[in-house]
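Chemist: Residue strings, one per chain:
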Amino acid sequence: MVNKLMNRICISLALGLIAVSSLAPASAQTKSSSPIKISSAWVRATPVGAKVAGGYLTITNQSSKSDRLIGATFPKSARVEVHEMKVVDEVMRMRQLPDGLEIKPGATVVLKPGSYHLMFIGLHEQIKVGHTINGTLEFKNAGTVRVTFKTRGLGQGSMPGHGKAHQSMKQPNAHGSGSGHGSGSGHDEKTITNHKHPK
Amino acid sequence: MMKKLRYTAWVAVAVGVLLGGVLLVRSAFLTPLSEMPFAVKIGGPFTLTTHTGERLSAKDLKGKPFAIFFGFTFCPEVCPTTLLELTQAIEQLGAEADKMRFLFVSVDHERDTPDHLKTYISNFDKRIVGLTGTAEEIAAIAKAYRVYFKKVPTEGSYTIDHTATTYLMGRKGQMVSTLAYQEKPETRLAKLRGLIRGTR
Numbered sequence: 020m021v022n023k024l025m026n027r028i029c030i031s032l033a034l035g036l037i038a039v040s041s042l043a044p045a046s047a048q049t050k051s052s053s054p055i056k057i058s059s060a061w062v063r064a065t066p067v068g069a070k071v072a073g074g075y076l077t078i079t080n081q082s083s084k085s086d087r088l089i090g091a092t093f094p095k096s097a098r099v100e101v102h103e104m105k106v107v108d109e110v111m112r113m114r115q116l117p118d119g120l121e122i123k124p125g126a127t128v129v130l131k132p133g134s135y136h137l138m139f140i141g142l143h144e145q146i147k148v149g150h151t152i153n154g155t156l157e158f159k160n161a162g163t164v165r166v167t168f169k170t171r172g173l174g175q176g177s178m179p180g181h182g183k184a185h186q187s188m189k190q191p192n193a194h195g196s197g198s199g200h201g202s203g204s205g206h207d208e209k210t211i212t213n214h215k216h217p218k
Numbered sequence: 029m030m031k032k033l034r035y036t037a038w039v040a041v042a043v044g045v046l047l048g049g050v051l052l053v054r055s056a057f058l059t060p061l062s063e064m065p066f067a068v069k070i071g072g073p074f075t076l077t078t079h080t081g082e083r084l085s086a087k088d089l090k091g092k093p094f095a096i097f098f099g100f101t102f103c104p105e106v107c108p109t110t111l112l113e114l115t116q117a118i119e120q121l122g123a124e125a126d127k128m129r130f131l132f133v134s135v136d137h138e139r140d141t142p143d144h145l146k147t148y149i150s151n152f153d154k155r156i157v158g159l160t161g162t163a164e165e166i167a168a169i170a171k172a173y174r175v176y177f178k179k180v181p182t183e184g185s186y187t188i189d190h191t192a193t194t195y196l197m198g199r200k201g202q203m204v205s206t207l208a209y210q211e212k213p214e215t216r217l218a219k220l221r222g223l224i225r226g227t228r
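Protein chains in written order, with our numbering: chain C, 20 to 218; chain Z, 29 to 228.
Heads up, a few of these hints could be off.
Reference listing, derived: stretches of chain Z covered by chain C, where coverage requires no fewer than 3 residues with Cβ under 8 Å from a Cβ of chain C [unchecked claim]:
no.	region
1	78 to 84
2	91 to 104
3	119 to 133
4	138 to 152
5	162 to 172
One-sided and incomplete, this derived list gives chain C residues near chain Z with beta-carbon spacing under 8 Å [claimed, not checked]:
no.	residue
6	Gly-73
7	Lys-95
8	Met-111
9	Pro-132
10	Leu-142
11	Ile-152
12	Arg-165
If you're looking for bench data, these hints aren't it; they were derived computationally from the structure. All of these numbers come straight from a predicted model, not from anything done at the bench. Just so it is clear, CB atoms sit at the ideal spot from N, CA and C, and this is done for glycine as well.
The following block holds chain C by itself, in its conformation from the complex:
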């Protein structure tokens, strides 16, 4: 009888500890203020059997130092690469950016269809509309930044008004500040959480 009671107390204590520890990062999140702001993060839903998916988002660097998006994690894929895609002379060309994507001080860079994107490689499961998926972005200076991707339909080839917009984003290190990102980036701002992990 006493034994049973002790067991119960132990279990509730353990559960309590787990609950407290899982809350800790969430409270840290509200205190930190990363100079990297993320908005409009989304991933394109995938056909059954697809092993890759494209991820898109808007990144603003509010610091006075240049930064680089060098990697990311995504729970539904084995790996993530930072890519650039272009359709030039009817040919689709996709390249990994080996040094990542530079975001100059004060600049906003939009990862969007027909341009820069995150390539989720080796999907463990299909990505369906309605899913929201938490991942992280890795920046050279700002460290790890959390991101929540919403899922958009398979038909989201490009955002409204961006049909041929990729032509203007030819430089791998272009800082898209002020040009070409205004019209398509004004949604889902509230779904994104920013957080810099203490290193």
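Mind docking chain Z on chain C? Use the hints.
Modeler: Relative to the frame of chain C, chain Z by itself:
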């Protein structure tokens, strides 16, 4: 000597202008571009394996117009978007879509086995046929259709650069028109209707 050289040069220019003019007139009024003797010929014989494991050759397509697009299933944007846009167009065409064929040719023979293509293609309209083959078979059809494709390594994988245009082919397997990547839906539909209702 100098005079003779100059004379020859002018004759050459005159002949050139005349020839250019004739060809220009021909292209404008007489012959469709795709049938001009000097035009790059798109299309030709091929044999590939469908997503259901059957063999399909260019001969099997004779008599019906078809749309043909090249891509691969490890493609995050252009290929699923094009297949989805084709699916939507097919739905809008309704029964008329049965009067033509829709082909998706993989340029990734290593990863796109018929089985994998079958799963992937099941997401789209059932009238779209997925095709794959050996490296040689895919190289042969790409050459016939003047399709560019090139394997590009990435850190832990590879991607494939490829022509993103959809070719619209006539009843004799000749090129009639093309659909650009992300062609306006109404233009796409009009071109497909034109192909189905036309005589070419």
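Chemist: Now tell me if each hint is right for this structure.
Modeler: Evaluation of the provided hints:
Against chain C, the region 78 to 84 of chain Z contributes 0 residues with a C-beta closer than 8 Å to a partner C-beta. That does not satisfy the three-residue criterion, and the hint is violated. With 4 residues having a beta carbon nearer than 8 Å to a beta carbon of chain C, the region 91 to 104 of chain Z meets the requirement of three or more and the stated coverage holds. Figure legend: the region 119 to 133 of chain Z, annotated as covered by chain C; annotation inconsistent (0 residues with Cβ-Cβ distances under 8 Å, at least 3 required). Residue count for the region 138 to 152 of chain Z with a Cβ under 8 Å from a Cβ of chain C: 7. That meets the three needed, and the coverage hint holds.
Closer than 8 Å: that is the beta-carbon criterion, and the region 162 to 172 of chain Z has 0 residues meeting it against chain C, so the requirement of 3 is violated. The restraint placing Gly-73(C) at the interface with chain Z holds, with a minimum CB-CB distance near 4 Å, inside the 8 Å limit. A cut of 8 Å between beta carbons decides the hint on Lys-95(C): the least distance to chain Z is about 13 Å, and the hint is violated. Satisfaction of the interface hint for Met-111(C) is found here, the shortest Cβ-Cβ separation to chain Z being roughly 4 Å, below the 8 Å cut-off.
Given hint, Pro-132(C) at the interface with chain Z, holds; its Cβ is 6 Å from that chain's nearest Cβ, closer than 8 Å. Evaluation of the Leu-142(C) hint against chain Z yields a violated restraint, the C-beta minimum of about 10 Å exceeding 8 Å. A distance limit of 8 Å between C-beta atoms decides the matter here; for Ile-152(C) the minimum to chain Z is near 15 Å, and the interface restraint is violated. Annotation: Arg-165(C) was flagged as interfacial toward chain Z, and the flag is violated, the nearest CB pair being 22 Å apart, outside 8 Å.
Violated hints, listed in ascending order, are 1, 3, 5, 7, 10, 11, 12; each of the other numbered hints is respected by the structure.
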